[in-house]
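Chains as they are written, first to last, in the numbering used here: chain S, 1 to 271; chain L, 1001 to 1265.
I should point out that these hints are in silico values taken from the structure, not numbers from a laboratory.
Do not rely on the hints blindly, as some may be mistaken.
What the hints assert, rightly or not - Selected chain L positions facing chain S (Cβ under 8 Å, derived; list incomplete):
1) Ala1076
2) Gly1100
3) Ser1134
4) Asn1152
To be verified - Just the calculated beta-carbon pair ranges, DEER-fashion:
5) Pro97(S) <-> Val1173(L): 21 to 31 Å
6) Thr1185(L) <-> Leu260(S): 19 to 29 Å
7) Ser1134(L) <-> Ala20(S): 14 to 24 Å
8) Ala1110(L) <-> Asp166(S): 43 to 53 Å
Unchecked claim - Think about it this way: if two alpha-carbon atoms lie no more than 30 Å apart in a straight line, the pair counts; the simulated DSBU-like pairs of lysine-lysine are:
9) Lys1155(L) <-> Lys269(S)
10) Lys181(S) <-> Lys1155(L)
11) Lys1114(L) <-> Lys1155(L)
12) Lys1106(L) <-> Lys181(S)
13) Lys269(S) <-> Lys1114(L)
14) Lys180(S) <-> Lys1242(L)
What you are looking at is a predicted structure, and each value in this text was computed from that prediction instead of being measured.
By construction, the Cβ of each residue, glycine as well, lies at the ideal position given by its N, Cα and C atoms.
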Amino acid sequence: MASNGPNILKGVNLTKLRKAVFGKTTYRGIIAIIVTLIFWEACARLKVPVIGMIPAPSSVARSLTGLLFEASYWESWVVSFKRVFLGFIVAQIIGIPLGLTMGMRRTFRDLSFPIIEILRPIPPLAWVPTAVIFWPTPEMSMIFVTFLGAFFTMVLNILGGVRNIDIRYIRAAESLGSSKKDIFWRIILPATLPSLFVGSTVGMGITWEVVVAAEMIASRSGLGFLTWKSYVAGNYPVIVVGMISIGIAGYLSSSLIRFLGSRLTPWLKII
Amino acid sequence: MNVTKIYDPDGANVLALDDCCMEIQAGEFCVMVGPSGCGKTTLLNAIAGFHDITSGEIHLDGELLCSGTRMADPGADRIVVFQQGALFPWYTVLENATYGPLVQGKMAKAEARKAAEELLGDMGLKGILHNYPSEISSGMRRRVEIARAMMNDPKVLLMDEPYRAMDALTKTVMHKHLLDVYDATHKTIFFITHDLEEAIFLGSRVYVMTTRPGRIKKVIDVDIPRPRDFRVLSSERYLSLKGEAIEAVHEEAKRAFEAGERELA
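Construct the complete structure from the given sequences, taking the supplied hints into account.
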């Protein structure tokens, strides 16, 4: 029963959830993964050029089983997650009010948009050297670079969301006697939520890309560093373990955002 | 009211409404018909407080609402029901209906909820109180929108072609519903449409507007007694009034078409 579950699951349609978990789509996905693994294992054993050079799934699985019992492996997860989430949260804290203000205030938009548009195309990784110089600790520079990964996407999505609000909703709200405050909290904010979550999902993906690359360049911890360290040490199966771990970590983070999004925008019926 | 409105996009003055004079009685179901672009919506927007006017004045209950120098403030005494509908998608039916009284501070939450439940129940919408607008049919959405407006007890209901995109069958049901609401409340309604049958069936008075610049060309008093139902549609009086309206509108539609041809040439 939904009502007996944790509060956050209240209202989740269990029949639909069961269908989503045990439905055709899930089986097809599992079959696809198994077929890929068999193909990969075969290529590795038959020493097929290029693809056969990648460590076989069986050796990757052995490395993974060993790593699962090592504290340092899990520490890499925690460190990378911390960097991603701190950068991401700061991007939300600064990006949401900035995007909303840019959307609502023309003068502010005219003043700030050119700056954002000049800074935006600079890849976050190009900031690494500068960040290392001007932030007091390497950790802060990592978080800063991660922040940049999500920040611009957040701002532009929210700005777009505010500017695309149908004028009818604003007029209807005015006609119903709303104050400016009501229009902001009851119309502009909920109307922007879908764009906010699109920006967050995309932004979360970028933060993982950025954090991993930044860890390879300028850090001595995290999943990116684990992968790089294994490459330098010639421990190829662990490279693949690192890559798969990064993939799973990114997937888990995006799923969390999507879940929050579907809970906070129930009218869109994503699930 | 007597209103003139000149639009000035890129310096090209477009006279949308030219000294458009009319007086709507309290409790009147006033229907405006006229060719596309004749300024019906311009007039409605000026009353609602969404647009200014160039000259003239609009009064509501003897008080000046707007003039050439003063734009009306939008307010809950003149609620608009929009052409494509404007229920807030992020609120449920019940939350939409209680929106007005809550933001105006006219009712406490529980009181507004009770009033809305009662009104929506009377309108046959009891089963969808907790649904989002995207989960109900367009006909139901329009009824909820009328209920949302009624919750504010407005002086006038401004309806901008609310049934335009609907199929004929749904429209019939919607007309009956609106007539029931009108018969029960006798609210003043300012209703814009292209559909002459709808105009005569619903209205107490039908104002035919000229092609741009919009002026009142003809006023047709619809003396068909209320309450009205679908049987009216085959009555002799209805057909003769409809004929009268068609004649007036046809002339204007032809002029509008020819003007459009000239503009394109």
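Against the structure, the hints:
A least Cβ separation of about 4 Å between Ala1076(L) and chain S falls short of the 8 Å threshold, and the interface hint therefore holds. At a threshold of 8 Å, the smallest CB-CB gap from Gly1100(L) to chain S is about 4 Å, leaving the interface hint in force. Interface hint at Ser1134(L): satisfied, since its Cβ lies 6 Å from the closest Cβ of chain S, which is below the 8 Å cut-off. Hint status for Asn1152(L) relative to chain S: holds, with the closest Cβ pair at about 7 Å, below 8 Å.
A beta carbon spacing of about 46 Å between Pro97(S) and Val1173(L) contradicts the range 21 to 31 Å that was offered as a hint. Between Thr1185(L) and Leu260(S), the C-beta spacing of about 43 Å breaks the proposed range 19 to 29 Å. Checked against the given bound of 14 to 24 Å, the beta carbons of Ser1134(L) and Ala20(S), roughly 20 Å apart, stay inside it. Roughly 31 Å separates the CB atoms of Ala1110(L) and Asp166(S), a value that falls outside the hinted 43 to 53 Å.
For the hint pairing Lys1155(L) with Lys269(S), the CA-to-CA distance comes to about 37 Å; that exceeds 30 Å, so the pair is violated. A threshold of 30 Å between alpha carbons decides the hint, and for Lys181(S) with Lys1155(L) the separation of about 25 Å falls inside it, so the pair holds. A hinted pair counts as satisfied when its Cα atoms are at most 30 Å apart, and Lys1114(L) with Lys1155(L) qualifies at roughly 22 Å. Distance hint between Lys1106(L) and Lys181(S) is fulfilled; the C-alpha atoms sit about 17 Å from each other, no more than 30 Å.
Among the hinted pairs, Lys269(S) with Lys1114(L) is consistent with the structure: their alpha-carbon atoms are about 27 Å apart, no more than 30 Å. Restraint check for Lys180(S) and Lys1242(L): the C-alpha separation of about 45 Å exceeds 30 Å, so the hint is violated.
Checked against the numbered hints given earlier, this structure breaks hints 5, 6, 8, 9 and 14; the rest are met.
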